[in-house]
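Chemist: Chains as they are written, first to last, in this note's numbering: chain A, 1 to 310; chain B, 1 to 324; chain C, 1 to 343.
Don't read these hints as lab results, they were simulated from the structure.
Glycine included, each C-beta is placed from N, C-alpha and C at the ideal position.
Hints are supplied without guarantee of correctness; some may be wrong.
Restraint-style ranges between C-beta atoms, simulated for each label pair [claimed, not checked]:
| # | chain 1 | residue 1 | chain 2 | residue 2 | range |
| --- | --- | --- | --- | --- | --- |
| 1 | B | 145 | A | 230 | 27 to 33 Å |
| 2 | B | 273 | C | 24 | 47 to 53 Å |
| 3 | B | 273 | C | 89 | 29 to 35 Å |
| 4 | C | 211 | A | 201 | 42 to 48 Å |
| 5 | A | 57 | C | 97 | 56 to 62 Å |
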Amino acid sequence: MKLIAIKIFRAGITIWLVVTIAFLILRLSGDPLESLVGDDASQQVVEYYRQKYGFDRPLYHQYLSYFANVLSGDLGVTLQEERNALEVVLEAIPRTLELGFLSLALSLIIGIPLGIVAALHRNKLIDRFTMSFAVLGFSVPNFFLGILLILLFSLWLRLLPSSGTGTFYHLIMPAITLGTSSAGSIARFARSSMLDVLNKSYMRTAAAKGVPRFRRFAWHALPNAAIPIVTIIGFRLGDLVAGSIVTETVFAWPGVGRLLVNAVQTRDLAVVQTILLMVGATMTLANLMVDIAYGWIDPRIRTSADADRK
Amino acid sequence: MTPLLEINDLRVYFDTPRGVVKAVDGVSFKVAPGETLAVVGESGCGKSVTCHSILRLHPSNGRIVAGSISFQQVDLRSLDIPSLESYRGKEIAMIFQDPMTALNPVHTIGGQIAESIMLHRGMNRRDAFGAALRFLEIVGIPEAKRRLTEYPHQLSGGMNQRAMIAMALSCHPKLLIADEPTTALDVTIQAQILELMRQLQREQGMAIILITHDLGVVAEMADNVAVMYSGKIVEQANVEDIFQRPAHPYTVALLESLPRIDRDLDKLRVIEGSVPSPFELPRGCHFTPRCHFATEECRRRSPALEPLEANHQAACLHPQGIAP
Amino acid sequence: MSTASPPEPAAPLLSVSNLVRHFHARRRFSFSAPRPVRAVDDVSFQLWPGDTLGLVGESGSGKSTVGRLLLGIDRPTAGDIRFDGRDIQRLAPKEWRALRRDMQMIFQDPLGSLDPRMTVASQMREPLDIHGMDLPESRNQRVDEMLQWVGLPRDTRSRYPHELSGGQQQRVVVARALIMRPRLVVCDEPVSSVDVSIQAQIINLLVDLRSRLGLTYLFISHDLKVVRHISNRIAVMYLGKLVETGERKAIFEKPLHPYTQALISAIPVPDPSLKRERMILAGEPPSPVNPPSGCRFHTRCSYAMAHCREREPELKAVSASHAVACHLVDSSLNEPVKASSVR
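Extracted from the complex, chain A is given alone in its bound form:
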């Protein structure tokens, strides 16, 4: 238990660091008012806005008041529409999650079995074939694949809508685009994890006991190979919220990624900061979950933590 408390504490520090760094970078990289008001705005207008948003105060002052605001739930106001930044971001999240979960599921369903089959038939044709597929998967850039799919399915075959959201059909291409590269790297990872396990001494012991092939695979190998794979899944979960900036932009998918791109372009500080805070928090949380889950899955960690306590 104490161990978990320590991890949570550490997670908190990480999040704080993310927020602070984001704050500093944004403030120090240029005048936020540039894009808000036009080039030809008069000095008075500029000064007015500067004061309104507090950009005229010293940096640490801004920081402290921002921090205080965050803690009390106020994440600032988007410069674009004078709405609550948090609101804006929260609107975009479900869309991103939708896309994210589907593509993650796709990549797992495709990637893990592919990798495992490749490992079981090492160096044979099927291994080389699937691994080439995998490499292709994560080598092809998202935007390229996305545009290719749009060309094929939207413009040529007219089967799927090319952008926007609304129906399940809108979801298919973005999910495939996002999921493909993920599937590729998961396949590679699953393969090496499985190969690693198959080489272990205890697999030979199992064979020497007369354990039939399938059971050796399912009961002896798979649980061991799963441990590193679970960690990867955990990290991917954290990735979900960050979404894929590129894919969302290509498909005009109204998610967090696209929102972030816009916000950076317009120097909409509040939104950028909010998104960073949220991404930082979810990644840290995901890491934390994986950490805890890991300790639960691997008996070596589970029992040594207990032993420590005795």
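Given chain A's structure and the hints, the job is docking chains B and C onto it.
Modeler: Okay, now just chains B and C, sitting in the frame of chain A:
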């Protein structure tokens, strides 16, 4: 007495990018019921591959190209894998070198032993765990009940090896193949394990093939000894003859090169050179480059195992100490 | 450690007093004091020039830790280490470098000890270059000389480690260690990872060079057979403590400590006709984190009395060349505890 296991002219070759490695090149021996055969040699001599190939557990890039392996008159080479699997762990059991890695870390000790029992003795889960418990007690693991639900990493090396032995014995095998079972253990623990093996052998009446490089262990445990060098058996005899009247120059030199715990030695006899690379095997007898008694004829032909006296054979044209 | 012994001819080359090394598990934000691993707990001994002290023990005995402490690879938690009378923990960096010339080491894994990207010759030259020994021109000669002394052909100098066999690699390690003519060499399991037939080569080599170069060895090993062969004095460690020390003859003719007896008796002898009385220890070695009270060996000792559980025995001399830490050995009697009929 019909032998329990009989190996005849076994040849196991490996395909590697650099060429074919003849890891086992014409090995023959017999094991009688209840006896202990020690297969001795240094690394690379082929002793492990020979014994692993009995149950077809040798590495996948190796092929058994020739020879017969018969167990209780059954030709093991002719069996398909599922039939062979009914021998593995049941009639013939194996234990391996490093107990800390030879057991699956994500399953309990009890679970892994019970698996064997359920597989080969058809018991249900509850009975199998009960039997597993009894075997843990037989091999002298204290607090056996607790250990049933513990994981391998929670036990020491010695305890894990005992658990492995329990697992191997759980289906009452007629033959136990032990591959360097004590090499990774401390010497006082080694003594315990060897003692345990001897005791269990007496009680269960099983034969043991003991693979080792430690000649002291051989003297302690073996009834018969086969000395291997570079893929072949160079000498085979009962244990007294091997130590008291070694005939092959390699055996002689090996014995003289050992430091002893029971006496002071002046200088250790050295075998010059090193084990030949499997890709550059010497012509004729493989030991020729390092042999003090090598002649031209030795370089020309590879000698077969010739009987020298009862139960004593050597593959040498100039066996030592025994009149040809 | 000898006490009240006849005057030694020279001062000890190495003097270790009350050496302690505790390892503390890293527990951040912990509220309770963590239990340390008591790897080395109050060890004292001396090495005279020309000695070979065999430091024996099984895993967890602390013998390798002692080796590392002497070489300065690790810092003691407490205790004194003096080389040639100088306290090695209080040396200035320049003096340390000078000490490095006098004190060298040979480890277990030869391939791991050699730089895979340097040729044999450059690795052997390196210490000479670093310490500025000899004239640069004559350094190559030294390298060739050393190669010859360790029995390697001249062309080895341009090879890379991976091109050599295990035995050859270990010879290079020896050559490199000795090229600076050190006075003390700490050998930590130098023959444990080579084949049996190569072992003899390396052992003979070490013995040979010892007399040729007037070396002093601290020979750390779990293999008592090798230690017997090469050492003139033996020190037996158990769970961080010295349980018995003495001259080779004394130790093997009359081992006094039950652990020493068990250790010797546990080693199988390549002679089937010798049916020895085997003293088999019960149980497992306890953990160095939680050593037993009193005498650390009492949990496995068949002769343990109540007293053994309560008080830790001191290492006491029973003769000029023999010391034991055992309550059962009355120093006036100098009688070994009975070793026969023990199970």
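Chemist: Each hint needs a verdict: does it hold in this structure or not?
Modeler: The hints, checked one at a time:
Checking the proposed 27 to 33 Å range against residue 145/B and residue 230/A shows it holds: the Cβ atoms sit about 32 Å from each other. Between residue 273/B and residue 24/C the CB atoms are about 49 Å apart, so this pair conforms to the stated range of 47 to 53 Å. The beta-carbon spacing between residue 273/B and residue 89/C, approximately 45 Å, falls outside the hinted interval of 29 to 35 Å. For residue 211/C paired with residue 201/A, a C-beta distance near 44 Å keeps the hint of 42 to 48 Å intact.
At roughly 58 Å, the beta-carbon separation of residue 57/A and residue 97/C lies within the given 56 to 62 Å, and the hint holds.
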